[in-house]
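Q: Top to bottom, those sequences are chains A and B. Each step along the first sequence adds one to the number in our numbering, with nothing skipped, and position 237 is 237. Each step along the second sequence adds one to the number in our numbering, with nothing skipped, and position 240 is 240.
The reader is advised that the hints may include incorrect statements.
As the list claims (entries may be wrong) - Covered, in the sense of this in silico footprint (three residues per stretch, anywhere, with C-beta under 8 Å from a C-beta of chain B), are these stretches of chain A:
{"id": "1", "region": "76-87"}
{"id": "2", "region": "115-121"}
{"id": "3", "region": "285-292"}
No lab work stands behind these hints: they were computed from the structure. We treat Cβ as the ideally placed atom computed from N, Cα and C, and that holds for glycine.
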Amino acid sequence: MEKTANKQMICRTLMEAAREDRNIVALCSDSRGSGSFAPFAKDFPEQFVETGIAEQNLVSIAAGLARCGKKAYAVSPACFLSARSYEQCKVDVAYSNTNVKLIGISGGVSYGALGMSHHSAQDIAAMSAIPNMRVYLPSDPLQTAELVKALLKDEKPAYIRVGRNAAEPVYQEGEYSFVMDKASVMRDGRDVALIACGEMVAAAKAAAEILEKEGIGAQVLDMYCVKPLDEEAVIRAASQVRAVVTVEEHGPFGGLGSMVSQVVARTWPKPVVNLTLPDAPVIAGTSAEVFAYYGLDGAGIAEAVRKILRPDGKEA
Amino acid sequence: MNLSALAYDLRMDAVEIIRAGKAGHIGGDMSVMEILTELYFAQMRISPEEAEDPDRDRFVLSKGHSMEAYYAVLARKGFLDKEEILKGFSQFGSPYIGHPNNKLPGIEMNSGSLGHGLPVCVGMAKAGKMDGRDYRVYVVMGDGELAEGSVWEGAMAAAQYHLDNLCAVVDRNRLQISGNTEEVMGLDDLHAKFRSFGWHVIDVADGNDVAELHQAFEEAKETKGKPTVLIANTVKGKGSPIMENRADWHHHVPTDEEYERIMADLQAEKTRREEA
Ligand SMILES: Cc1ncc(C[n+]2csc(CCOP(=O)(O)OP(=O)(O)O)c2C)c(N)n1
Ligand SMILES: [Mg+2]
Numbered sequence: 001m002e003k004t005a006n007k008q009m010i011c012r013t014l015m016e017a018a019r020e021d022r023n024i025v026a027l028c029s030d031s032r033g034s035g036s037f038a039p040f041a042k043d044f045p046e047q048f049v050e051t052g053i054a055e056q057n058l059v060s061i062a063a064g065l066a067r068c069g070k071k072a073y074a075v076s077p078a079c080f081l082s083a084r085s086y087e088q089c090k091v092d093v094a095y096s097n098t099n100v101k102l103i104g105i106s107g108g109v110s111y112g113a114l115g116m117s118h119h120s121a122q123d124i125a126a127m128s129a130i131p132n133m134r135v136y137l138p139s140d141p142l143q144t145a146e147l148v149k150a151l152l153k154d155e156k157p158a159y160i161r162v163g164r165n166a167a168e169p170v171y172q173e174g175e176y177s178f179v180m181d182k183a184s185v186m187r188d189g190r191d192v193a194l195i196a197c198g199e200m201v202a203a204a205k206a207a208a209e210i211l212e213k214e215g216i217g218a219q220v221l222d223m224y225c226v227k228p229l230d231e232e233a234v235i236r237a238a239s240q241v242r243a244v245v246t247v248e249e250h251g252p253f254g255g256l257g258s259m260v261s262q263v264v265a266r267t268w269p270k271p272v273v274n275l276t277l278p279d280a281p282v283i284a285g286t287s288a289e290v291f292a293y294y295g296l297d298g299a300g301i302a303e304a305v306r307k308i309l310r311p312d313g314k315e316a
Numbered sequence: 001m002n003l004s005a006l007a008y009d010l011r012m013d014a015v016e017i018i019r020a021g022k023a024g025h026i027g028g029d030m031s032v033m034e035i036l037t038e039l040y041f042a043q044m045r046i047s048p049e050e051a052e053d054p055d056r057d058r059f060v061l062s063k064g065h066s067m068e069a070y071y072a073v074l075a076r077k078g079f080l081d082k083e084e085i086l087k088g089f090s091q092f093g094s095p096y097i098g099h100p101n102n103k104l105p106g107i108e109m110n111s112g113s114l115g116h117g118l119p120v121c122v123g124m125a126k127a128g129k130m131d132g133r134d135y136r137v138y139v140v141m142g143d144g145e146l147a148e149g150s151v152w153e154g155a156m157a158a159a160q161y162h163l164d165n166l167c168a169v170v171d172r173n174r175l176q177i178s179g180n181t182e183e184v185m186g187l188d189d190l191h192a193k194f195r196s197f198g199w200h201v202i203d204v205a206d207g208n209d210v211a212e213l214h215q216a217f218e219e220a221k222e223t224k225g226k227p228t229v230l231i232a233n234t235v236k237g238k239g240s241p242i243m244e245n246r247a248d249w250h251h252h253v254p255t256d257e258e259y260e261r262i263m264a265d266l267q268a269e270k271t272r273r274e275e276a
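Bound conformation, chain A alone (with noise of 0.2 Å):
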């Protein structure tokens, strides 16, 4: 697979789909540009919905689409998606049980010094806490397409987030099989788990690597699917390993980390230490600047792996 941005397989796959499905509707507030959604708009005039720059709106007309039987995908940064019309995608989408699947584009930190109005931080656990709200954070563009395809055989609300750059491929075409809402085990390991989602899962690839090399054996969950979550495959990586390391590109609060410790706490206790961004306004860089910064990369993750390992310091 070529190195791609996950929101251009979102359009490629939802444009193959389209031409068979009339009822497959895209919308887009003024973010056709930033969400790769032009060709889209181009090639099915009749099955686009532009609202201009107006996120509530977009959200509620998507509903009422997909109540009168459209398949509404509203695609929007994800930082005004999951702020500016949480009450819309609480009440029209997941309480009104309407089919709409929320695309979340150039997610987490993508936006880099474009400062924390642009930045989504907090969009997972703004969206898990909804009843009825499903959660995905697809680690790469063939899974990225994998999840539209399966998306797209449901009637349920949704809210994918996808950065904004070109993914690093973490799956070979032929070699990867998706199984709907549940983790991908890429790796074995009986020293420490970690369990990542979104591009944080090519991050936690390379710190297993990384430990490999030290022979400390990780095990690389790729939890695409935050909610529902995989609870058996964390349950069964917490018995295997002695800790478990979440890895994510959202706050320290209600995200990936929260609910799998909760998950480890009540079944199969063992340490967990959830890797993030901080409460606190991410500092203005680059994506790579910004992981690099705060521990989010192979070597971030790998160091933060030794030190849970050898708590104190000493060889394990």
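The hints should help you fit chain B with the ligands onto chain A, whose structure is shown.
A: The following block gives chain B with the ligands in isolation, referenced to the frame of chain A:
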């Protein structure tokens, strides 16, 4: 330097900042420059010395993405240091980010998410009325921004509370990211819309003309009992034909060649205006 030439000088600063940070929203920076120039150098009672004065006029850049224009103005006004901005803009760990950051001097409110400025300014203007202070409150919005419902909620409240100390400016450049505003989400008849919301509405035929803006702001000050909005008809990318009226220059970062061309065009226009 007369204000009309100053606006071109500040455009050059903004373009320099964009080049230094390899980021920014050049189209809206260029269209809004005379509005900011007139406000900061002719209209508002505001300066670094009285930055904390409770009677200072208040300003909110609701279209926060025009930050490079705002940096240029704040630096010239003495709030910020241009060299520091050039060094830091969009760099790792820098406070000079792509939207207003009120950890920096001279900036009242953070923005970046469109549709917040007007309601915030309703609060500021209402506080002024409550406290019997005579400061004025100014907000600058994009035209695409007006699709946000919150703008109209604020517009309703401003009229409800007779906020004649509030003056809004719409940078009516008729473009947003996806293209022409009237094709994306039509706004016309904008004058009638604001009027029906209880506002005094002034159409500024050329919103890139400081003299016309001056007259309009003076009229706003004289208007009692209701808020005033200036619909300033501007040109997105104003200052060089290679970027004027082009939606794809919303956040385009000029190439070296484009940069040279733009700076030459801006310099020529500045000189022309200095001599006029
Ligand atoms: C709530 C919100 N939605 C979307 C955006 C992304 N965005 C930034 S600038 C822009 C276009 C703004 O157009 P306009 O208001 O006309 O500004 P101008 O033409 O003056 O640049 C958009 C959609 C945003 N900053 N805030
Ligand atoms: Mg505009």
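Q: For every hint, state whether the structure bears it out.
A: So, going through the hints one by one against the coordinates:
1. Counting residues of the region 76-87 of chain A whose beta-carbon sits less than 8 Å from any beta-carbon of chain B gives 4, enough to reach three: the coverage restraint holds.
2. Only when three residues or more bring their CB closer than 8 Å to a CB of chain B does the claim for the region 115-121 of chain A stand; here the count is 4, and the claim holds.
3. Using a Cβ-Cβ cut-off of 8 Å, 3 residues of the region 285-292 of chain A lie near chain B, which meets the minimum of three, so the contact claim holds.
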